[in-house]
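Asker: Produce the complete structure using the sequences and hints provided.
Listed in order, the protein sequences are those of chains A and B.
The opening position of the first sequence corresponds to residue 1 in my numbering, with each subsequent residue numbered one higher.
The opening position of the second sequence corresponds to residue 1001 in my numbering, with each subsequent residue numbered one higher.
No lab work stands behind these hints, which were simulated from the structure alone.
Glycine included, C-beta positions come from ideal geometry on N, C-alpha and C.
Be careful, since some hints might not be right.
As the list claims (entries may be wrong) - Examples of chain B residues toward chain A, derived with CB under 10 Å: (1) Met1046; (2) Asp1066; (3) Ser1086; (4) Ile1088; (5) Cys1128; (6) Arg1211; (7) Leu1213; (8) Ala1245.
Stated by the list, open to error - Which residues of chain B face chain A? A few of them, derived with a C-beta cut under 7 Å, are: (9) Ala1057; (10) Ala1059; (11) Glu1130; (12) Gly1131; (13) Trp1132; (14) Tyr1247; (15) Gly1252.
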Amino acid sequence: MSDPVPARPTGGDLIYRQRRPVRLWHWINALSVIVMLMSGLMIFNAHPQLYWGQYGANHETPWLAIGSTGASGFLRIGAVTVPTTGVLGISHGVALAFPPLLTIPSGYDLAAARQWHFAFAWLLVIPGLLFWLWGLASRHFQHDLAPTPAELHPRHLWQDITDHARLRFHTGEAARRYNILQKLSYIGIIFGLLPAMVLTGLTMSPGMDAAWPWLLDVFGGRQSARSIHFICAALIVGFIVVHLLMVLLAGPFNELRSMITGWYRLPQEKAR
Amino acid sequence: MTILTRRRLIGSIGASAGGLLLSGCDRIVASPAVRHVLGAGESLTMGSQRLLSNRSALAREFSALDMSPVFRTNGNTNPDTDDYDSHIAEGFANWRLIVDGLVRRPLSLSLAQIRAMPHRTQITRHDCVEGWSAIGKWTGLPLKLALDAAGVLAAARYVVFHCADDFDGDPYYESIDLIDAYHPQSILAWGMNDQLLGVGHGAPLRLRVERQLGYKQAKYVMRVELVASLDKIGGGKGGYWEDSAGYQWYAGI
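Answerer: This is the structure:
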């Protein structure tokens, strides 16, 4: 790394933490993921039931369904039904699985949602592939994301989990690098959830199933792929929620500055 | 005097911010310029799918065990016109499939003639644009054979399927290009699940174009027209759903 870093930075020092490709990809990806999530929820609204296997339609039993009977909305997973009136199934008198505030477009429009979804899919895939190439070539992945054996030691992992739970974040020199929970979640997003989203999305395409028939074997059928697509989307939402929470707790100004300008102020050491 | 509690304040700020966001977003969504830019995604998708896949790459064919126990119907399930009703009453004996447009020898084929021609049977998955799938067995005349019998002229670029059904007076139609038209699994199906194609699924003839979504699988096909351009057909976008609701002409995803 060619970071202009003082010999031994300490708490309070401003360090160059995020390189330009990381920042650029982060914001492009933030935009595309949010548009894809919101348009994806509208696409889901067209048939708010999920199945396992090659086929699945109204005559099959879904493992997940969101809907409404009369004025009450429900979420049903397996045999468990949860009342969700006002949030899912029906809200403000609109009988849609996901409410207008969460979807693109806000009113029911499958054709437009698909147009948004598949246009922004390119903004997810092309910058994503370029980021992969850059990350490997520049050794960003190997240097900044790959966990060290010591970090993966259960004791260290547990220590980091309990520190996070107590909102004790790394300070001083230790805060120069991603902590192990950050590393694992970023790896999970970059190499796990995002590729899984793209591949399960492609598996739903009858054209791609003809081009790459192995997709159906990898995911166990188009309807399984649709279910996995939805589950991975939910996990990405979970990541975003925790990610934003961490930004807020760790100091939103400093964190945002580092993701916009690259410069990050190391938190002051505190007496433990 | 209204007491503005903190909760109410936050609630109303949230609601108005949400409302603002909603109306702003919807204005963006509705803008023709935005739709035009997003439309580039569709061309990119079609181009890359065509690049990645062999022209005759087959959609997966399943075994009889994989078939949906019940294959749901969708869209129009009966054209409900006087003409169509009399065809049902006559068992489609006087029904004819017209193949015309940019062809050397326009055809008018009876159902008996079509069934006497070579047929292909395939168990394939039908994917609705809404997200559900059903697997069924289709038997029919390879579209290529009908096109070859009529002799497609060099100027032809698209095949348009004119249907007997309509939505509020707008006739259903669909179109595909010649790459999909000559695909080995593109058939004019007259049989489904070992029976003659039923009215709910498009009797007497429906298109199967297995690498695309359900709305391309035109039912109640009456006429196959070869054209050089889609501009003058219907609303000009190549299909009923494309014209009326902005669905993608290329429905490979």
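Asker: Hint compliance check: list the failing hint numbers for this structure, sorted ascending.
Answerer: Violated hints: 3 and 4; rest satisfied.
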